[in-house]
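**Student:** From just these sequences and the hints, can you work out the full model?
Protein chains: 2
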Amino acid sequence: MAELQLQSPGRQPTIRDVAELAGVATSTVSRALSNPGRVNHVTRERIEEAAAQLNYIPSSQARGLSSGRTQTVAVLVPDITNPFYFDIIRGAQHQLKAAGYTQLLVDTEESAEMEADALQKMRRSADGFILAASRLTDAQLAEAAAQQPLVTINRAPAIAPTVVIDTPSAIIQALEHLVSLGHTRICFVGGPATSWSNAKRWQAFQEETTERKLTTFSVGPFAPKTTSGAAAADAAVHTGATACIVFNDLLAIGMLQRLRERGIRVPDDMSIVGCDDIFGADFCNPPLTTMASPIEQAGRVAVSMLLSRLNPQYGGTSRRLAVMPTHLTVRASTGAAPS
Amino acid sequence: MAELQLQSPGRQPTIRDVAELAGVATSTVSRALSNPGRVNHVTRERIEEAAAQLNYIPSSQARGLSSGRTQTVAVLVPDITNPFYFDIIRGAQHQLKAAGYTQLLVDTEESAEMEADALQKMRRSADGFILAASRLTDAQLAEAAAQQPLVTINRAPAIAPTVVIDTPSAIIQALEHLVSLGHTRICFVGGPATSWSNAKRWQAFQEETTERKLTTFSVGPFAPKTTSGAAAADAAVHTGATACIVFNDLLAIGMLQRLRERGIRVPDDMSIVGCDDIFGADFCNPPLTTMASPIEQAGRVAVSMLLSRLNPQYGGTSRRLAVMPTHLTVRASTGAAPS
DNA sequence: ACAAGGATGACAAGCGATTGCCAAAAATTG
DNA sequence: CAATTTTTGGCAATCGCTTGTCATCCTTGT
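For the protein sequence lines, the chains are C and Y, in the order given. According to my numbering, the first sequence is numbered sequentially starting from 1. According to my numbering, the second sequence is numbered sequentially starting from 1.
It is worth saying that the hints were derived from the structure and are not from the lab. All the given hints hold, so there is nothing to weed out.
For chains that are exact copies, the list does not tell them apart, and a pair is met inside one copy or across any two.
Okay, derived cross-link-like pairs now, DSS-like style, lysine-lysine, Cα gap no bigger than 25 Å in a straight line:
| hint | residue 1 | residue 2 |
| --- | --- | --- |
| 1 | Lys97 | Lys225 |
| 2 | Lys200 | Lys213 |
| 3 | Lys200 | Lys225 |
| 4 | Lys97 | Lys121 |
**Tutor:** Right under this line is the structure:
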C-alpha cells in the first residue's frame, strides 16, 4: 500500500502532490509544466488542473539546482537614491519580468569594493549582471566579465557589452547653446573620478571647446549629490566663468541652491547646464537646462542584451553596443551671458 | 580507486571540491562553514583555507533546498520612481544585508492585482515580505498574511505587524501652523482611494478641523504623481480655500507648478503643505512646507520586525507596531492668509 | 590504568525539481 | 492483421548542500 503523505497544513505543495492528485508520475508533471509538447493534451490539462487546485508553484530553488540557473539578474547601481537610476531600474524590471526573470537590486554605495564584492558573492545567485555606472577599474571589470555574463551601462564598450548614453554629443549641443547665448568663459564641473561617463563628458567638453577656442575652466571632482553642490558652486564662481556644464543634475541642482543663497542670479549672472534630466530638473528653481535621454529604454536594452547572451537560442543579434540618443532640453537655467 | 572528478574550467567549485582539497568529508565542510562549534579548530582553518583558495561560494539554491529558506526578503512598493520609497528601500536593504539576507525589489505599479500576484508567485522564493503602502484590501491582506510572514508599512496594524508613519499627528501640527497664519478655509487634496495613509490623513484632517471649527473642502482622489498636480491645483483653487494640505509631496509639487502657470502666487494667494518630505521638496519653487519623518528608519524597523519573526531565536520582542515620529518642516510654500 | 563521557567527523538520506533512458501504448503502414 | 514507427510517461540518477545517526578517538575522573 502506498504510504499516504499527510499534508501538514503550512507545507507548500510539491510536484509530488500534483502528480498524485493527477495520477501520474512526477516527471510527467514536470514535463507537462515546462515542456508542454512532450505530454498528451488531456493529461496536461488534468495536471494543470491539479496544479491550480493545489495552488502549486514550483520551487525556483529546486529547479535551479539541476539547471544551474536562477532566472535572476542582479542590477548594481552606485546609489539607489539617485533619481537617475530610477528609470533604469524600472526599465530593467519591466523587461526582466516579461522574460520571466527576477530582479535583484543592489546599491553599491559608490564603492568599487562593494561592487566587486557583490559581483563575487552573487555569482551563484544570479545568472547575469547589469552594471549601471560601474565604479570598477577596467581590470576589475574585465575580470568580472570573464567570470559571468554582464552588461554595463555607461561604460567603455571594449570590455563588456554596453549601453551608453550619448551625452558627449549632447555636450556639443550644450556648448553650441551656450555659445549662441554669448558665453565664452565656460567651466566644466566634474563628477566622480572613477566615473567613465565623467571622463567621456570631460573629453567631449575639452575637444569641443578647444575647437571653438573658448576659455575653459574645470573644477572637481565632486560627489554626485546635491550636498556637494555648494562647494561646486563656490569653486565654479571663483573661476570667473559665466556658464557651467555640470556632471549631473543632482550636482547642478545643489549648485542652483548655493548660487541663490549667495545672491548670484541664474541665469543672469551664471548659466547652468545639467546632465540626465532627472526627476526634479523640471521643477527646481530655476528649472534646469539639461541633457535628456530615454533612460528607461537604456535599462530595457541592457536587459535585452544580457538575456540574448544568456539564452542564445532566442537571442537575436547579440550586439555589444547600444547608444541612446540624447538631446538638450532648454529650461530657465541658461540665458544670455552677462555683458 | 576513487574517481577523480575532472574540474571543467568554467564550473563553480562545490563543497565536494573543498572537502577533497582539505581531505575531509563534505559534511565536515558544511558544518565547519555554517556551524563552527561542531568542528575542530585546526580542521576548520584548513577547510576555510581550502574554500578561500578555490574561491568557493556555497550555492544558496542548494542550501535553501533542504532548509526551505531562501534568505531573501521581497520588498513591494507601488511605484519605484516615487522618491518616497527610496529611503525605505535603502533602509530595508541596509538592514537585510547586515543580517545576511538578499532584497528582492518589486514594483507593483499601484495595482492591487500585481501586488497579490507577486505575493503568490514569490511565495517560494522569499522568506518574507515587506509591503510598503499596500494597495490590497483588508481581506486580501489578511489572506496574504496568513500564508506568509509579512510586515506592512503604512497600513492598519490590526492585520499584520506594521510600521506606521505618524502623519496624522503631523497633520494636526500643519493645521495649527496654517491657523496661526490666519487661514480658515482649508482644503484637503486626497490621494489614491485605496491608500490607507490617505484615509488616515483625511480622518485626522476632519477631526481636527471640526474641533477647530474651520471651513474645509476636499478634492480628489488624485494619483500620487506630479502630473496629477494640475488637476488637483485647479480643483483646489475652485473651492476657494486659501490653504491646502496635500496627500503627498509629489502631488504638491505638481500643484506648485500648475499654480505658477496660472499666476496664482504661493504662498501669497494660496499656501500648500505637502507630506513626506521627499527628495525635491527642498528645492522646488517655492520650497515646500511638508511633514518629515525618518523614512529610512521605517524601512529598517520593518525589516527588523520581519526578521525577528523569521528567526524567533534571535528576535527580541517581536512588536506588532512601530510608530515613526513626524514633524512639520516649514519652508516657503506656506504664508499668511490673503487678507 | 580503566570506565564513562565528550568531541569529532564519516555515512547516507533527504530537499524538489529536471532529464536521459527505456518500456508500454498508440498510430501508422504494408 | 502483423510489423514498424511514433508517442507517451515511468524509473531513477542527479544537482549541491544539510543534518540525523553513529562509530571512533580523545579526555577526564577515580
